[in-house]
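Student: Starting from the structure of chain L, add chains W and V where the hints point.
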Amino acid sequence: MQWLDALVQGVLLGGMYAQYALGMALMFGVMRIVNIAHGDLMILLALTGISLATAFSLGTMSLIAVLVPLAALLGWTLQRGILNKAVGEDPLPSLIATFGLSIAVQNLMLQIWSADTRSLRGGGLESASIDVGGVYVGVLPVIVLVTAIALTAGLDFIVRATRFGRGLRAAAADTEAAAVTGVDPKSIYAVSTAIAVAILGIAAVFQSLRATVSPADGPAQLIYAFEAVIIGGMGSLWGAFVGSMVLGVAQAIGFRIDPGWGILFGHLVFLAALAIRPEGVMKRG
Amino acid sequence: MKAEPVLSTHALSAGYGDFQALFGVDFEVYAGEVVALIGANGAGKSTLLRSILGLLPVLPEMVRFRGKPVGGSKPHTMVRNGIGMVPEGRRLFAGMSVEDNLRVAVDYGRKPERDDDAGSIWTIARIYALFPILGERRDQLVHNLSGGQQQMVAIGRALLTQPRVLLCDEISLGLAPKVVHEIYDALPLIRQAGTALVLVEQDVSLAKRASERLYCMLEGRITLTGASDSIGRDTIAEAYFGAIHAMA
Amino acid sequence: MSLSVIVLTALVAMPWWADSGWIRWAVELSCYIAIAQMWNLLAGYAGLVSVGQQAFIGAAGYALFILCQKFGVNPFLAVPLALIVPALLSVPTYLLLYRLDGPYFAIGTWVVAEAVRLLTTNLDYVNAGAGLTLRVMAQYRLHEREIAMTMLSGILLLVTVGGSYWLLRSRHGLALTAMRDNPVSAGSQGVNVSRLRFFVFVAAAVGTGFAGAIYYMAQLRITPASGYDPKWASISIFIVMIGGIGSIEGAIIGGLIYFFPDRFFSQYGASYMVVLGCLTLFMAIYARGGIWGLVASRFDAPWFPVGRRLALPAAGERKPS
Chain L
1 MQWLDALVQG VLLGGMYAQY ALGMALMFGV MRIVNIAHGD LMILLALTGI
51 SLATAFSLGT MSLIAVLVPL AALLGWTLQR GILNKAVGED PLPSLIATFG
101 LSIAVQNLML QIWSADTRSL RGGGLESASI DVGGVYVGVL PVIVLVTAIA
151 LTAGLDFIVR ATRFGRGLRA AAADTEAAAV TGVDPKSIYA VSTAIAVAIL
201 GIAAVFQSLR ATVSPADGPA QLIYAFEAVI IGGMGSLWGA FVGSMVLGVA
251 QAIGFRIDPG WGILFGHLVF LAALAIRPEG VMKRG
Chain W
286 MKAEPVLSTH ALSAGYGDFQ ALFGVDFEVY AGEVVALIGA NGAGKSTLLR
336 SILGLLPVLP EMVRFRGKPV GGSKPHTMVR NGIGMVPEGR RLFAGMSVED
386 NLRVAVDYGR KPERDDDAGS IWTIARIYAL FPILGERRDQ LVHNLSGGQQ
436 QMVAIGRALL TQPRVLLCDE ISLGLAPKVV HEIYDALPLI RQAGTALVLV
486 EQDVSLAKRA SERLYCMLEG RITLTGASDS IGRDTIAEAY FGAIHAMA
Chain V
534 MSLSVIVLTA LVAMPWWADS GWIRWAVELS CYIAIAQMWN LLAGYAGLVS
584 VGQQAFIGAA GYALFILCQK FGVNPFLAVP LALIVPALLS VPTYLLLYRL
634 DGPYFAIGTW VVAEAVRLLT TNLDYVNAGA GLTLRVMAQY RLHEREIAMT
684 MLSGILLLVT VGGSYWLLRS RHGLALTAMR DNPVSAGSQG VNVSRLRFFV
734 FVAAAVGTGF AGAIYYMAQL RITPASGYDP KWASISIFIV MIGGIGSIEG
784 AIIGGLIYFF PDRFFSQYGA SYMVVLGCLT LFMAIYARGG IWGLVASRFD
834 APWFPVGRRL ALPAAGERKP S
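Residue numbers (our numbering), protein chains in the order written: chain L, 1 to 285; chain W, 286 to 533; chain V, 534 to 854.
This is chain L alone, in the form it adopts within the complex (with noise of 0.2 angstroms):
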């Protein structure tokens, strides 16, 4: 019963994951890059989401309907303004750019928030539970992965059937190819970060619901996103929300054998997994 209720917070904390992950991949899978404040800005939104929330005393729905336009805008303005100049074959200058950019963020949350933890309240909504067969399973937890669940499936409905899919899915083939049959693969890049940026917006607030947020957070999301998108494949956005999946419950696992072991056991399935099947983690070719 231990195990199984490990296996269920396992894979219910894998929906949180797979909302930092899925930006991640759809950048990865279009662009061919990994931008290291990715966490950051999860975090970023959340203590705006928190400021916010405060101020104007907005419940849950109207949070997240004013912090996810605001969030593609931010992901939209880093994409014009900071990462179209960085792509490119090197891998090296868009690594090193936002990584600075994570740095920077970093250090302005905590100028303007300082190192505490803060949290957003949900009425209730974070601490209620309901009793499956003897696993007390989170009302919240729940929510968060069927949300998890809905994202993937319209990311990748947007992905394979759209106009903007389309060219997504030529810019990402074949650049050149894509931009001399009229695809524009700067504007295909600004709306896919602008995607990838919003859905952290979605994540922020769940994200200060269940647990507390403070400037310093945001490297841990991004390697959990980041080992998430590797056990699943790279790009694939399923293979993504897979990846999460194994990586909560891996997790959840190693904290029931020992407290301090839950998220290095998060690493050391990731770390098997290069090593077992590196067919899943090939490069693309």
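Hints should not be assumed to be uniformly reliable.
[Unchecked claim] Computed list of chain L residues with no C-beta within reach of chain W, every gap over 10 angstroms:
id : residue
1  : A115
2  : G123
3  : V132
[Unchecked claim] Okay, derived cross-link-like pairs now, DSS-like style, lysine-lysine, Cα gap no bigger than 27 angstroms in a straight line:
id : chain 1 : residue 1 : chain 2 : residue 2
4  : W       : K353      : W       : K396
5  : W       : K359      : W       : K396
6  : L       : K186      : W       : K396
7  : W       : K493      : W       : K463
8  : L       : K85       : W       : K359
9  : W       : K359      : L       : K186
10 : L       : K186      : W       : K353
No lab work stands behind these hints, which were simulated from the structure alone.
A virtual CB, placed ideally from N, CA and C, is assigned to each residue, including glycine.
Tutor: The following block gives chains W and V in isolation, referenced to the frame of chain L:
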């Protein structure tokens, strides 16, 4: 009557970094004509096409399209203005079906204007009529197609951007002679729709037969130009191999 | 060259002419330069961008402390012995991560560093999260310690900076430069890219570990949070990107530029880091060659003539000629 060329270059110079590949190239295409561009490997033919399309940096006055200086614009802007390109090596979108490859062009290419006559507008159905095999294999992923079929997708994709001028880079390269004929047989149909064609070719006799005028390039310069049927083989050989540099 | 000899001699002679504060600074600066130089070798030449070099810093530091405190090894003898640990750690790390594409490789190294940090935090043998103190150093007088530290720093610079210089001047240097400029064509021209990368990764781990061992020997104390601090990755990236990637001079200039303002401005903490972060971002996009790149494009007088042109044209500089 001397009409304005639809597309022209003026003293176009371009290169990659420190390496200059083109030296003052003057090149023109008139509406509805077929122009061949021949030359040995490395003569600068592909570089010229790439410069026209904005894939290499050039000054605005170096490329004129429908009377306006457009040099150095972004490739997608060029395409939406009406310059299409079949890139060398086909460059299809891997992992996408035949139909999705074509739909990208419909989605993002030039939108037909009111003055375009209905018969000249390319649709996916017309591409399937031009190359029936593509209609049969529309749901297959492009990497499962033969080389010739892939070339047909590349041409179809370029046509669906509704080009006024279509630049074809080495469309016969690496294909069996039978397939080359099949593709070249389709060219007159494309021309009927009013699209001007620029054919970059290494096969000189094929280029001569298919075109009205031809340009020959050598070491980044135009070394010969004239009506395709009036130029003799020897003249072409000189311009092609540079036996007599005085030609330049 | 002669400049380097003067600097090294002055460094080693410091205990006889400088006060303790300055010596402390000199030792730390040497460590920074060495770590940055190793990162430069990885990212600037081998195309291996790592944000997890702190794994080797902490591992070597811990190895040193364990050898001294648990096995009673003489601390100065323990420094070279401690370097076996980062070397051993770097081999499986590389074998696990080398398949990953550029940016994924980078974060992969970070995961390894985090895993090693968490592992250390959970080991009671090394006093878990509380860390270790190097008590054995108390048996030496301050002057003796200072002589030893400056000697070690001198050797560190000789090994890392001198070693990079030697490597780039050797027959591998041309291969490394070719690899920096274009790994694919370097591979097709007979450079064994993967073996060279592996070698550079292990060498950089040892060099970085050497600096880590000296740094924590000077600090007399190590904890998992400090030894495996991602701050080490930030420092290497700041130094190399601001100084100039892909050149030995860049890491030295960057080290000086980073170190001294850091002493004066670190009281402003967060705002100073915001500026550094933005500067790194700016350098990555607009001035790929860093400050040394800007200098070198005006004056052709390298301090370390590795015999190959250091040409890194920024993307925007390509004009039709």
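Student: L/K186 and W/K353 were given as a pair; does the straight-line alpha-carbon distance stay at or below 27 angstroms?
Tutor: At roughly 25 angstroms apart (the allowed maximum being 27 angstroms), W/K353 and L/K186 satisfy the hint.
Student: Are the Cα positions of W/K353 and W/K396 separated by 27 angstroms at most?
Tutor: holds (19 angstroms)
Student: Holds or violated: are the alpha carbons of L/K186 and W/K396 at most 27 angstroms from each other?
Tutor: holds (20 angstroms)
Student: Going by Cβ atoms, does L/V132 stay more than 10 angstroms from chain W at every point?
Tutor: holds (40 angstroms)
Student: For the pair supplied as a hint, W/K359 and L/K186, is the alpha-carbon distance within the 27 angstroms limit?
Tutor: holds (11 angstroms)
Student: Sort out whether W/K396 lies within 27 angstroms of W/K359, counting only the CA atoms.
Tutor: holds (17 angstroms)
Student: Run the distance test for L/K85 versus W/K359: straight-line Cα separation, threshold 27 angstroms.
Tutor: holds (15 angstroms)
Student: Would you assess whether L/A115, listed as outside the interface, keeps its beta-carbon beyond 10 angstroms of every beta-carbon in chain W?
Tutor: Per Cβ check, L/A115 is outside 10 angstroms of chain W; nearest 45 angstroms; holds.
Student: Are the Cα atoms of W/K493 and W/K463 separated by 27 angstroms or less?
Tutor: holds (18 angstroms)
Student: Non-interface claim for L/G123: all C-beta distances to chain W beyond 10 angstroms?
Tutor: Since the minimum Cβ distance to chain W is about 44 angstroms, L/G123 lies beyond 10 angstroms and the statement holds.
The earlier numbered hints are all upheld by this structure, with none contradicted.
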